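Chemist: This is what each chain is made of:
There are 2 protein chains.
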Amino acid sequence: MRNLLCRMSYNGTAYHGFQRQKNAVTIEETVENALDLLTGEKNVIYGCGRTDARVHGINYYFNFKTDSSIPVEKFPLALNSKLPDDISVSMCREVPDDFNARFSAIKKTYRYLIYNDRIRNPFYDKRAMFFPRELDVEKMREAADKIKGTKDFAAFMAQGSPITDTVRSVYSIEIEKKDNIIQIDVCGNGFLYNMVRIIVGTIIDTATGKIKISELDERIASKKRENTGFTAVPDGLYLYDVYYDI
Amino acid sequence: MRNLLCRMSYNGTAYHGFQRQKNAVTIEETVENALDLLTGEKNVIYGCGRTDARVHGINYYFNFKTDSSIPVEKFPLALNSKLPDDISVSMCREVPDDFNARFSAIKKTYRYLIYNDRIRNPFYDKRAMFFPRELDVEKMREAADKIKGTKDFAAFMAQGSPITDTVRSVYSIEIEKKDNIIQIDVCGNGFLYNMVRIIVGTIIDTATGKIKISELDERIASKKRENTGFTAVPDGLYLYDVYYDI
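Chains as they are written, first to last, in our numbering: chain A, 1 to 246; chain B, 1 to 246.
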């Protein structure tokens, strides 16, 4: 039985997130159904992480174990022929038996897109946050510098999450503006529930002056969710890449 | 009564084209309903042209006559608040009483996008034609050079169209490739039904060798639809811009 790692991209708009659930279409179920059709097996995929409803994937990884004899290089096109047009597998390779797309991940990058103009753009609808007020990228970068690092990110976790170990390392937060698009890349070793979306909301609230930059360290150290910014909409969030040591 | 010209962009995926029809949602009806809500009038809009189902607009123009006293500079945001997120008005100005967005147009540019890679990209689904075979851009440009000009474009008109005067001027066809996207901009004084989509199909068929470049002049001169290429899918077509002398 081979352990195969696949990379895929998906437009998350039509899905209720990655994880299989009752009475709602998810990425996990859709990919497993396509694999079942292709291999004649009953497949289980192990995703690199959960993404919420309306969140997208650019380079999302999953692995699965199979007795199928289909050569790895044939898998992407064969699997895509069974998948809907909003999901596409672009790579497949064999990995060691103990490899797991989630637990073997060393770090991950999420990308967040903000469409920043007075007038909204229909082609960024459901693919970016629309933010009509002017945003100062330099101020956003200052806020990002305060947020990154290895620390307790409890203030950046959705309330009600059962996780108790809330220390994480955010290695970098890179912010670029091109035309009307502000792109925020957040790279870290792991992320709490809604953490990237709250980081983005906090960066925006700091840039607009709702949160004072001089208060940001203290607000983070308070570990209280009410001391950080709003939760940015899921539509602008993309799992951008995952790094493995294989 | 003022005559107002508006520019809008729209993602055509959810619409059955521009023109109002029974039992199907169209751009025209959606914009007129939004205007009615805003002005309290019963508005009629005059679009710069018909776009088919699933065709998009980047800079689409329409005009309408109104007794509303809303200042022109307030119209875009006010109207957008009544419109769905896949339609956005970005400009409004007063024009002479005899101006008509369709009949006053001097020339128009359509853009066509091809996603040209072995593996499809979910983020170009419904926004470009997916073409997995390699395309030689130089060969495409050679075909485009043969097609452009002032001539009878009957061979580029969908069969069954009632139009009899089929002479049109195509001023330019510009083809650019960036990463996996091939962009074809077609500028002309007017277009027959499906003309841009048949031009694109003919350019592709010539690049792949299905149509010989040496036969292209003769095929065009035959005025017969069966002698030109396939009709490219509507999803990749955008009304890109319209030029007026005002």
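Please keep in mind that the hints were generated in silico from the structure rather than gathered at the bench.
Remember, it's a predicted structure, so these values are computed and weren't measured experimentally.
Please note that the accuracy of each hint is not assured.
If several chains are the same, the list does not tell them apart, and a pair holds so long as it fits within one copy or across any two.
[What the hints assert, rightly or not] DSS-like, lysine-lysine: derived pairs with alpha carbons at most 27 angstroms apart: (1) 42 with 65; (2) 42 with 223; (3) 224 with 65; (4) 146 with 22; (5) 212 with 107; (6) 82 with 126; (7) 82 with 151; (8) 212 with 178; (9) 178 with 126; (10) 223 with 148; (11) 126 with 74; (12) 212 with 42; (13) 82 with 65; (14) 82 with 223; (15) 210 with 107.
Chemist: A separate judgement is required for each hint: does it hold in the structure or not?
Modeler: Cross-check of the supplied hints:
no.	hint	in the structure
1	42 with 65	within (10 angstroms within a copy, 62 angstroms between copies)
2	42 with 223	neither (43 angstroms within a copy, 55 angstroms between copies)
3	224 with 65	neither (41 angstroms within a copy, 55 angstroms between copies)
4	146 with 22	neither (40 angstroms within a copy, 57 angstroms between copies)
5	212 with 107	neither (30 angstroms within a copy, 52 angstroms between copies)
6	82 with 126	both (25 angstroms within a copy, 18 angstroms between copies)
7	82 with 151	neither (43 angstroms within a copy, 45 angstroms between copies)
8	212 with 178	within (26 angstroms within a copy, 42 angstroms between copies)
9	178 with 126	both (19 angstroms within a copy, 24 angstroms between copies)
10	223 with 148	within (15 angstroms within a copy, 65 angstroms between copies)
11	126 with 74	between (32 angstroms within a copy, 25 angstroms between copies)
12	212 with 42	neither (53 angstroms within a copy, 49 angstroms between copies)
13	82 with 65	within (18 angstroms within a copy, 51 angstroms between copies)
14	82 with 223	neither (45 angstroms within a copy, 41 angstroms between copies)
15	210 with 107	neither (31 angstroms within a copy, 48 angstroms between copies)
The structure shown violates the earlier hints numbered 2, 3, 4, 5, 7, 12, 14 and 15.
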